[in-house]
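**Q** Since each chain sits alone in its own frame, please combine them into the complex, following the hints.
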Amino acid sequence: MGGDRFPMKHRDETDGDRKRLDELDDRLREARKGSGPPATTSTQRELGVAYRVMVEMIAGVGVGGFLGWWLDTWLGTAPLLLVALILLGFAAGAMNAYRAIRQYTAAANRDGS
Amino acid sequence: MAANSSPLEQFEIKRLVPVEIGGIDASFTNSALWMVLTFLVVTLLMTMAMRQRALIPGRLQSVAELSYEFIAGMIRENVGDEGKKYFPFIFTLFMFILAANLLGMVPYSFTPTSHIIVTFAMAFVVFIGVTAIGFARHGLHFFGFFVPAGVPKLLLPLLVVIEVISYLIRPVSLSVRLFANMLAGHTMLKVFAGFVIALGVLGGWAPLAFVVALTGLEILIAFLQAYVFTILTCLYLNDAIHLHH
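Just so you know, the sequences run in chain order A and B. Following this note's numbering, the numbering of the first sequence begins with 1 at its first residue and continues without gaps. Following this note's numbering, the numbering of the second sequence begins with 114 at its first residue and continues without gaps.
For reference, chain B alone in the conformation it holds in the complex (with noise of 0.2 Å):
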């Protein structure tokens, strides 16, 4: 019951291999080797299973088939058919978050996506791309956005304002919500599995049952945020296509 017994410990960095780039602390650290991992289990899996492109698909090429057409769906009806071409960018989202929160709960992993810097960055690229996307579709139309319709002269620039921020909050309660939940979840884990080991033989098996049934809702949380995270990138995207809110 020493220092590692804390709950905070599992998110801890830790470099691995020490690189220093022009004073810039690059080294690759356990965040950086489970990305790879999650990587490398979305390709291995995705080329796998599609290897024998049977016309009746097997239980892996299902699974494949399965996420391909749930995302294909997502795009269709919250962005419509100019979202075709965005497809690859975020079945690619979906299926990282999916696999770096999945690979997550195993236990002694680590998960990327319980720190604020990892989902930001992806909230970010979708921020960034997404204004970009209206900015090269609308021109300055594109600030049209910003002001809402059939509003009194008088109080248009305060709206304007509110709506700028509101638009600003996007990156952020984008990456709150995933680092969060990922964060609760795995602490709680931790706190309950502490219980287990400091009540012993006799009293330990209530938190043992608990921790039993968080591990179900944490593997249920781990699809719903990355389907969160991935919806709202279809509405963000379809804002900025269609220009409506």
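Next up, chain A with everything else stripped away, as it sits in the complex (with noise of 0.2 Å):
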């Protein structure tokens, strides 16, 4: 009685290890799939890129003044320049802005197909 039962048991054991070695392979793939930061869930990915469009923006902004500012010292032609590069610097970190989202999305696009 006692013969007939250990074989059972060791046969659902070994199937139990099949189905746990399986499971560590999916696993394994899942983890090896993307290479990004290891310990960062996407809702973290997707704050890190916000925070990124945000710097992007206000320090286009910051640049496109500081050099309108200087320009304008330089060739005295203020505000003219102050005005104009602000504009520009505020389409630059826009554009900035726009290109970070979009590796983002083709990052994102890559990891979960």
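One thing to keep in mind: the hints can contain errors.
Said to hold, decoys possible - Some but not every residue of chain A turned toward chain B, in silico, with C-beta under 8 Å: (1) A59; (2) G65; (3) L80; (4) A91; (5) A92.
Just so you know, these hints were derived from the structure itself, not from any lab. Backbone N, C-alpha and C fix where the C-beta goes; we use that ideal spot for every residue, glycine too.
**A** So, in structure tokens, the structure goes:
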């Protein structure tokens, strides 16, 4: 009786082991797919992108403003270039932000498929 | 609760060894001390970890190999094979920022990366280096980087100006991102730690729990910002080598 039960249990265990090994395989494959920061979830990554977009847009206006102010004091055209370059800086910041979002979308699509 | 309980006091630069060279204040400050410490920690970690050169790595060697593989993979994926020769620089950059951020989490320490001038210096080196690589590889063709394709002639001058400005924004946004994260995180920790004292034994537990959670978040941000700085360096390098956005 005991001898009868033992092989049964043994076979059950190998089946269970096989299942666990398969699961481990799936998890390994899953883990190897993305090579981004290992411990970040998608929410954190989205937050990172949102933060990046914010910094890009503020830096755009800042850099444009500084360039305009500097050129104005150099060429004596105040405040013409300051105004023009703040606007252009905003456009440049928006473009950088757009590129950041596009990179993120491309990466997200690559990970998702 | 005097002046030294201000949440911004932790960022104060103190001269440890006053040095003046030709009217320029070149003192050895607490910021410089912590940068030297960061450098020593990274160097010691890497040399100690790889001293055994075991085929099956131990714990410490795994850390070193993992960081190597992480950066090598990042460069392979974002720059390609041409990026391999820039590995030492990018690896150093990553390890330095990461170690500086993490050492800043030690109580009573100082975080050099919470100062804009430190992060801007790093971003500026990246900016100059990437631009130089672009000119070295492509010569005057590098200017083509600023001319978007398929644009009506009338709009072209405007767009070239915008492209140039967006290129100039890079070192600023790169450095501001790291600096602002570190500054905001450490200030917030200090503010909530102040609440713990102010509310005393009765009410102090809620902010204390928050500080514990925030410490975890800050450690995550230390990794994340080092990663972001490095991956953006890779992307900029890729732009300079392959000349496309």
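**Q** How about A91/A: closest beta carbon in chain B under 8 Å, or not?
**A** A91/A check passes; min Cβ-Cβ to chain B is 5 Å, inside 8 Å.
**Q** Is the interface hint for L80/A satisfied, with its Cβ closer than 8 Å to some Cβ of chain B?
**A** L80/A check fails; min Cβ-Cβ to chain B is 14 Å, beyond 8 Å.
**Q** Is the shortest C-beta separation between A59/A and chain B less than 8 Å?
**A** 4 Å, holds
**Q** Under 8 Å is the threshold here; is the Cβ of A92/A close enough to any Cβ of chain B for the hint to stand?
**A** 4 Å, holds
**Q** Mind checking the CB of G65/A against every CB in chain B and telling me if the closest is under 8 Å?
**A** Check failed: Cβ of G65/A comes no nearer than 11 Å to chain B, outside 8 Å.
In summary, the numbered hints that this structure violates are 2 and 3.
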